[in-house]
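*Asks:* All chains should be modelled from the sequences, with the hints used to inform the complete structure.
In order, the protein sequences belong to chains A and B.
Going left to right, the first sequence walks through residues 1 to 501 as the numbering used here numbers them.
Going left to right, the second sequence walks through residues 502 to 943 as the numbering used here numbers them.
In short, the hints are calculated from the structure, not lab data.
It is possible that some hints are incorrect.
Claimed, not checked - Using 20 Å as the maximum straight-line C-alpha spacing, the simulated SDA-like pairs for lysine to any residue come out as follows:
(1) B:K515 to A:H62
(2) B:K593 to A:R406
(3) B:K593 to A:E410
(4) B:K583 to A:Y425
(5) A:K480 to B:K515
(6) A:K17 to B:F505
(7) B:K515 to A:S45
(8) A:K79 to B:Q551
(9) A:K401 to B:N582
(10) A:K401 to B:G588
(11) B:K558 to A:Y425
(12) B:K561 to A:D166
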Amino acid sequence: MSKLLFTGAEWDFAQLKNVFSAIEDVAVGDLKLDTYPNQIEIIASEQMLDAYSAHGMPLMYHHWSFGKIFAREETMYQKGWQALAYEIVINSNPCISYLMEENTMTMQALVMAHACFGHNHFFKNNYLFRQWTNAESILDYLAFAKKYVMACEEKYGADQVEQILDSAHAIMEQGVFRYRRPPRPSKTQQQERLRKRQQYEEESFNDLWRTLPGSARDMSADLASVDEDDIVGLQAPLNLPEENLIYFLEKHSPVLTNWQREVLRIVRNVAQYFYPQMQTKVMNEGCATFVHHYIMNALYDRGQIGAGSMLEFMHSHSSVVMQPGFDDSRYYGINPYALGFAMMSDIKRVSEEPTPEDEEWFPEFAGKGDWRDVLKHAWTNYRDESFIQQFLSPKVMRDLKLFAVRDTAEDPVYTVSAIHNELGYRRLRTSLARLYDLATHQPDIQVVGANLAGDRTLTLRHNRHRDIPLAQGAKEAVIKHVRRLWGYSVVLDEPEDTEES
Amino acid sequence: MANFIDRRLNPKGKSLANRQRFIRRARAEIKEAVQKSLKDRTVSDFAKDQKISIPTKSTKEPRFRLDPSAGGENERVLPGNKDFVEGDQIKKPRQGEGQGRGKDASTSGDFEDDFSFTLSQDEILDIFFEDLELPNLVKTALKEIKVYSWRRAGFTTSGSPTQINLVRTMRNSFGRRLAMRRPKEEEIDALRERVTALRCGATPDAEKRELIAELEEEIARLEHRRKWVPFLDPVDVRFNAFEQQPIPTSQAVMFCLMDVSGSMGEREKDLAKRFFMLLHLFLRRRYERLDVVFIRHTHDAQEVDEHTFFYSRQSGGTIVSTALEEMKKIVAERYATGEWNIYAAQASDGYTQTGDASRCVDLLNQDLMPICQYYAYIEILDEREMEVFSSDESGAELWRAYRTVAKQWKNFATKRIAKPQDIFPVFRELFAKETAAAEAKA
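*Replies:* Written out as structure tokens, the structure is:
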């Protein structure tokens with residue numbers, strides 16, 4: 001009797017369940033993936049378009065910008081310029097995956113392996129997602145957000161709400177926390193600490209210490225510095241500088257009402273929820289693509305899917321991981337699927353059949369054969385930037401024929417600074433890793449001052465990285481939005497390069 | 502195991518609210534784009550979805566962006582190297598060259614291309630007809646109210662089975678069952694099982710028999726109680742209630758008069774028909790309760806249905822006044838002037854039998870204009886004539902005659918059409934909202 005799970009393109013729910021358990025068998029039994037429980041929803045193409053326009057979330061507050069995305073996607077789809085994604089997956093618990101009803105059975109299998117196990121494992125384990133997102137509560141929070149925004153629209157008028165959302169969206173990228181840190185001690189806590197220290201010194205006073213050389217520390221200096229602080233005291237509770245603009249405005253804007261602060265908070269939370277995804281595109285897609293590739297091949301080896309399906313899978317897989325060259329008309333930047341998949345497959349290769357070069361580059365795992373653990377360790381503990389810096393091998397650089405080009409604004413020419421050869425590997429790897437560091441292509445803008453005692457001017461500072469300035473027109477437009485939220489004048493300093501790169 | 506859910510039957514169009522917000526936001530730009538794109542379109546095209554492009558002025562979403570072309574040093578990594586080696590230099594394209602492809606070009610720059618998307622037919626018509634209306638819709642003499650709409654009015658205890666409200670009914674039933682302690686099926690089943698368990702095996706001794714008897718008694722008691730407290734009681738049942746609400750309506754009728762005589766060439770007829778189609782579309786869309794009467798005439802006028810009016814051919818001599826007579830007759834028969842707002846639109850090439858023009862003027866002045874809220878006359882010329890009759894003063898016999906009517910009556914409008922492109926602007930002029938027109942004059 002044939003062990004085939006399905007034949008032909010048609011699917012039904014019984015087949016989906018069968019295939020799912022076969023996939024689960026490989027994913028859990030062989031790859032030892034650790035996932036949230038899965039919830040798989042079958043949707044039609046129109047519903048896919050709906051999902052597209054709201055950041056792929058099943059629930060979202062209403063805003064015209066989502067309508068704009070929808071209008072564009074709908075046109076692209078209807079005119080046949082662009083196919084829809086096969087699937088959307090949401091970082092929630094249970095992990096919700098949307099499957100399109102048009103997919104063939106082979107595609108459904110691919111998509112289930114990709115989303116329900118690849119992405120799902122990544123969401124559950126990667127440190128960024130664990131630290132910054134709350135998969136348990138995101139859907140409830142979005143439901144709350146949608147309701148709240150709707151209630152505000154009813155109470156204060158759609159235009160009022162739209163204005164706040166417009167302004168908040170303009171600084172959404174500056175509305176995330178990038179580092180966890182302990183709260184700064186308040187003024188009273190600081191004084192308390194100082195008082196305790198003094199008290200301790202008084203209690204343990206021993207005149208003998210004075211006779212030791214180099215200990216002429218004067219306590220009064222500490223006290224003087226506190227008094228100095230009081231002069232700028234109004235600034236102190238603002239905890240400046242602050243990198244999260246939306247958070248700052250939400251807490252300290254002199255003009256916002258409570259509901260407006262809550263709306264800012266909603267936008268900020270949504271931004272924070274998506275922040276890890278922006279830093280792990282290559283890893284997330286690479287992980288999902290590697291997993292679906294491995295699982296589909298395993299199923300084929302076990303005789304559970306036929307040769308025809310396998311060919312269909314290969315066709316669709318290879319178009320997903322295709323990387324057009326820079327001079328190709330289809331070139332649209334480096335394809336995260338291609339890079340991620342290439343790197344992860346290479347980790348497997350290095351682990352199983354290393355070359356002398358690999359032994360030199362990756363002595364920790366070359367030839368050890370434990371690629372499952374290496375990959376799982378990487379998926380858990382790295383983001384794109386660090387993953388590339390750590391794991392991009394010379395072979396992948398050669399396969400993709402990577403080269404780095406330096407662009408200095410004053411120079412009339414671009415200079416090729418490194419190519420895929422012995423001399424260039426390390427430089428190329430560092431360059432590429434940098435490109436995936438959000439800090440290098442998202443401007444670093446911080447609140448550095450708020451003149452609360454005077455005319456309430458808010459001062460922002462753009463810390464230039466490699467001396468690259470902000471685009472002028474957009475800068476002024478965004479500052480208008482910040483001004484609306486702050487209520488008083490806003491200035492943005494852009495000092496010359498402040499950091500060494 | 503995964504949980505599979507079929508969502509295909511869930512309501513679609515979740516993005517509609519966002520789409521409407523977007524269209525409201527870009528209203529001005531969309532309107533301009535629609536007007537522009539409609540200029541060269543035929544009326545039948547008009548009722549189709551179409552793609553429009555709008556400038557991104559009001560729908561721009563600014564973000565802080567870095568601009569590497571303005572300063573600083575930037576390093577990129579690209580795939581697909583063929584013959585570059587380290588140290589090669591590549592000339593930069595000059596400003597404006599080599600733009601337009603790749604994400605970088607559009608996101609790092611300050612400008613964005615026009616935004617293109619598809620508007621549905623409904624949206625187009627809404628936008629096109631937005632500030633148009635029938636003028637002087639005043640005679641709101643409410644005829645005895647005949648129109649009602651159904652409105653929800655809570656819940657009742659009586660009604661027809663089709664209106665039963667399951668949620669309410671089951672909620673009541675559940676509450677009552679809890680309160681009255683209706684024994685559950687499982688409880689009884691559990692007891693029964695115990696009885697069977699006791700019964701099977703060896704012949705039961707006295708103690709067991711006593712227990713069985715006890716259990717059976719208990720079962721009987723519970724069964725009795727279940728009968729006594731029914732699952733669904735008539736007191737639980739609730740029905741959706743509806744009540745009728747009268748809708749006040751004002752009644753209006755539009756007369757469409759068209760010359761189909763031999764002097765009207767195919768081109769003229771086509772233009773006239775296009776005009777009426779647009780009018781028809783407009784009226785159907787904006788005024789649900791509106792009668793439209795189609796009258797076509799040669800030397801003789803007759804009332805026809807919509808299809809005949811637009812699609813059938815006929816020819817003959819031209820006596821315009823017959824159409825006016827017909828209209829007068831129909832008004833007298835069916836549309837009592839105290840209750841109906843009466844409108845008329847007439848299209849003709851301006852030629853009529855000698856002497857008929859004055860008869861038309863008499864009919865209009867004495868009979869029709871006093872009862873009409875608004876009367877629009879559209880003259881279809883060919884382009885050569887349009888040049889000859891460039892001034893409003895000169896024209897064929899009917900035109901000159903109608904000018905005298907227009908001088909007497911404020912609610913009488915005359916316009917000329919020579920090209921298909923004229924139709925949309927003329928139409929808009931004729932039905933522009935009063936306020937807008939007044940502002941334009943001021």
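*Asks:* Each hint should be assessed against the structure and marked as holding or not.
*Replies:* Against the structure, the hints:
no.	hint	verdict
1	B:K515 to A:H62	10 Å, holds
2	B:K593 to A:R406	11 Å, holds
3	B:K593 to A:E410	11 Å, holds
4	B:K583 to A:Y425	16 Å, holds
5	A:K480 to B:K515	32 Å, violated
6	A:K17 to B:F505	8 Å, holds
7	B:K515 to A:S45	13 Å, holds
8	A:K79 to B:Q551	11 Å, holds
9	A:K401 to B:N582	5 Å, holds
10	A:K401 to B:G588	16 Å, holds
11	B:K558 to A:Y425	45 Å, violated
12	B:K561 to A:D166	10 Å, holds
Checked against the numbered hints given earlier, this structure breaks hints 5, 11; the rest are met.
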